[in-house]
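Q: Below, each chain spelled out in residue letters.
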Amino acid sequence: MTFASIIIQLLNGLAAAASLFLVSAGLSLIFGVTRIVNFAHGSLYMLGLYGAYSLIQALGRTPVGFWTSVVLAALAVGLVGVLIEVLVLRRIYRAPELFQLLATFAVVLVIKDIALFTWGAEDLVGPRAPGLSMAIEILGRRIPAYDLLLIAIGPVVLLAMWLLLTRTRWGALVRAATQDREMVGALGVDQAKLFTSVFFVGSVLAGLGGALQIPREPANLELDLSVIADAFVVTVVGGLGSIGGAFLAAVLIGVAKAFCIGVGTVNWFGAEIVFSKLTLVVEFLIMAIVLVVRPFGLLGKPQAAQRLAADPAPPLTVPSWTFVLVGLVLLLAVPIAADRYVTILLTDIFCFALFAISLHFIMGPAGMVSFGHAAYFGLGAYAAGLLLKRGGLPMEAALVLAPLVAGAFAVVYGWFCVRLSGVYLAMLTLAFAQISWSIVFQWDSFTGGSNGVFGVWPSAWLAGKTAYYYLALAFCGAGIALLWRVLFSPFGFALRAGRDSPLRAEAIGIDLRAYQWMAFVLVGALAGLAGAVYAFSKGSISPSAISIAQSTDGLIMVLLGGVETLTGPLAGAAIFTWLRDEVARRTEFWRAVMGVVILAIVLLFPQGLIGGLKALTQRWREARA
Amino acid sequence: MLLIKDLHAYYGRAHILHGVSLEASAGEVVALLGRNGAGKSTMMKTIMGLVSAAKGEVTFDGRRIERLQPYRIARLGLGYVPEDRRIFTELSVMENLAVGLQPPRKDAPSWTEDKLFALFPNLANMRERPGGRMSGGEQQMLTIARTLMGNPRCVLLDEPSEGLAPIIVEQMARSIHALKGEGLCVLLSEQNLHFSQAVADRAYIIEKGQIRFGGSMAELTADAALREQYLSV
Chain A
1 MTFASIIIQL
11 LNGLAAAASL
21 FLVSAGLSLI
31 FGVTRIVNFA
41 HGSLYMLGLY
51 GAYSLIQALG
61 RTPVGFWTSV
71 VLAALAVGLV
81 GVLIEVLVLR
91 RIYRAPELFQ
101 LLATFAVVLV
111 IKDIALFTWG
121 AEDLVGPRAP
131 GLSMAIEILG
141 RRIPAYDLLL
151 IAIGPVVLLA
161 MWLLLTRTRW
171 GALVRAATQD
181 REMVGALGVD
191 QAKLFTSVFF
201 VGSVLAGLGG
211 ALQIPREPAN
221 LELDLSVIAD
231 AFVVTVVGGL
241 GSIGGAFLAA
251 VLIGVAKAFC
261 IGVGTVNWFG
271 AEIVFSKLTL
281 VVEFLIMAIV
291 LVVRPFGLLG
301 KPQAAQRLAA
311 DPAPPLTVPS
321 WTFVLVGLVL
331 LLAVPIAADR
341 YVTILLTDIF
351 CFALFAISLH
361 FIMGPAGMVS
371 FGHAAYFGLG
381 AYAAGLLLKR
391 GGLPMEAALV
401 LAPLVAGAFA
411 VVYGWFCVRL
421 SGVYLAMLTL
431 AFAQISWSIV
441 FQWDSFTGGS
451 NGVFGVWPSA
461 WLAGKTAYYY
471 LALAFCGAGI
481 ALLWRVLFSP
491 FGFALRAGRD
501 SPLRAEAIGI
511 DLRAYQWMAF
521 VLVGALAGLA
531 GAVYAFSKGS
541 ISPSAISIAQ
551 STDGLIMVLL
561 GGVETLTGPL
571 AGAAIFTWLR
581 DEVARRTEFW
591 RAVMGVVILA
601 IVLLFPQGLI
611 GGLKALTQRW
621 REARA
Chain B
626 MLLIKDLHAY
636 YGRAHILHGV
646 SLEASAGEVV
656 ALLGRNGAGK
666 STMMKTIMGL
676 VSAAKGEVTF
686 DGRRIERLQP
696 YRIARLGLGY
706 VPEDRRIFTE
716 LSVMENLAVG
726 LQPPRKDAPS
736 WTEDKLFALF
746 PNLANMRERP
756 GGRMSGGEQQ
766 MLTIARTLMG
776 NPRCVLLDEP
786 SEGLAPIIVE
796 QMARSIHALK
806 GEGLCVLLSE
816 QNLHFSQAVA
826 DRAYIIEKGQ
836 IRFGGSMAEL
846 TADAALREQY
856 LSV
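These protein sequence lines are chains A and B, in that order. Everything in the first sequence is counted per the numbering used here, starting at 1 for the first residue and increasing by one. Everything in the second sequence is counted per the numbering used here, starting at 626 for the first residue and increasing by one.
Among these hints, one or two may not hold up.
[Claimed, not checked] Below are the BS3-like pairs computed for lysine-lysine, each with C-alpha atoms no more than 30 Å apart in a straight line: (1) B:K680 <-> A:K614; (2) B:K731 <-> B:K630; (3) A:K193 <-> B:K680; (4) A:K465 <-> A:K389; (5) A:K193 <-> B:K731.
Simulated from the structure, these hints should not be mistaken for laboratory data.
The following block holds chain A by itself, in its conformation from the complex:
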């Protein structure tokens, strides 16, 4: 690599870092004050990009029209943020944190379909910036002038944010609320207004980040989740709540990605390394390394223990035997009584139920929230498919070995993850899921790349839908039974002790980290089993089995049912899978319908469906007594 090309890649990276920084700074600001992990932040970025596209068309491709559009799009996105805060989040600030997360997932679904409805499914390519479409020659290479402007915008926004946070009363309030928002309220500050203003500023930054990208990338519907993943990585690498850290991390990641593209394919000691394929992975590798070395990010500080109004999780109750037996008998009778469609739908539900229960195990009783649980589901599915197709194993052997493969990955990923806690842990799980996804997606020769693996059918004796139904019921049922049994073993008690009070648990001699690691491996293997059963039921596997969308589906199932009960995730998985199937057959806009249903549930039952029902019956009983 020559000096000139190093400089050029550096400039490319810095230009890419600008938007990454803007969107991450907004995310960080919102998280700091409201403690809400706003999954919809990537959606706001997407809206900024689409909004700028439409506004430029309306206002004309002149410099004035372009820049007015960018600013207006950012402000409009700010208002969307305010709307989200006022209509949804303000009502659930006192609900458990995870429930707020569920609400923001729902907002992601709704915004995606609003964008689909408004702008259609095609990618929209925006115009170049009028007046800045020329390129400037630097060291013999041509750099778009617009990129140089973006490079300048990053530090300008950083400076503006710094001034806003350190030189104004609003900034003092924001920093004070980041530490202790209850005390800020007791001093006479209206939290609701402060939160709304923070949402506005954070959303404007996301919208601006998106709008500024209009000459550089087409507006498309996949941006919401890919941008939120990038923004998570930047925020976590930089340190949650640190704007300067977000800038540093954005630059680091932007430059690293640019270098991967610039280096291209390299021959090292006879081995061919395709660096350009690393772009999808490199940021997650940086994040994994940073989090292991500096668990609170480059410039972050240990999270202040927030004073939470929420009560600690109530003790788990064992599902009653009659409930389990009646359920089993009914399920055994289904293929006899019901049609083929119900049988297939229930087979899906069994797989997702095991997936959801395994996620519930790790995030509920074990207290480790995972944003990337699809990693194990997908790896199990791929292991099953590849053992069958490439390993030449019989289907039965592939089905049994697949969970072990997923478990083996959980051994590695889990070793890193249990070193962290809270949001950082959740983000790291997401990072590992994305790494797995990128590898599967890009390794065409082995995994089939974006096409996936085909012809993953069960052996002849299981080929019938009824036979496979019973197999899925047996395997998934056994998996669920095992997880539930473990929760009431000493191991399960130790995990819950560790969740409720890590220090006391360690003081009585529990090696918490080892226990959490074991829990990680256990749920990884069982999520892998769910994936393997699912793969054989469909006959094919695609990378979407490992995607963020699959992980969030799992989170929605668990949170919808209620994380504090054992049966909740079961109900959540069933309702979600059934509802998605029903709605998707009727309308193209099934996501919006799902989103609205989830929002309605969130606002009506802040403890999840089953939790809400329990609370209702308890109130009814108390009223009678």
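With the hints as your guide, set chain B onto chain A.
A: Only chain B this time, still in chain A's reference frame:
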């Protein structure tokens, strides 16, 4: 000015306050005495709306406040100084004061930074110091000053002398006298009887969430048996 009737409050399922009634007037310092866990801090938090009142009435200046949000209560002119100080550690002294700032009130003394620095001279020399790098005594002064920036008519002081060096405690007592001199109503919770005797006009004794005694400080000072029963450790 502050009138509390039959106040009940819970932490989760634990019933902490069992029908507490008390009152405090303008220009008066009232001490709420009791041992650890008697319910003093819960009382303060419940008045301030930080713990919700399950039953009972809190009237401030003729207005019922037990259902209001904390920030509304603060804006009515009721200041709260928490037991654990809760200084914003990342913010400088001046910024901590800025967070507490509220518009002046006609019927209450108005405080400015300079007036507060006169009351707490130690703070004047560390205007730009982050709250996290101050001593316990300095933080205690800052937390009171921060609340006074809201120009309250009445302040709740939760254990103002706790954990402070004797010389700072004396200074704290002088400050409380100054507040009283400004016509404020002061309700303070204390375990330190000596300190309370130095500053308070009247006293209540709380035990297991119930008021066991209410009367003048002189009465309490005269009744050794009462002190022995409820306050000795």
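Q: Would you mind marking each hint as holding or not holding in the structure?
A: Hints versus structure:
1. B:K680 <-> A:K614: Holds: K680 of chain B and K614 of chain A sit about 25 Å apart, inside 30 Å.
2. B:K731 <-> B:K630: Holds, at roughly 28 Å.
3. A:K193 <-> B:K680: holds (29 Å)
4. A:K465 <-> A:K389: holds (21 Å)
5. A:K193 <-> B:K731: The given pair, whose Cα atoms are some 25 Å apart, holds under the 30 Å limit.
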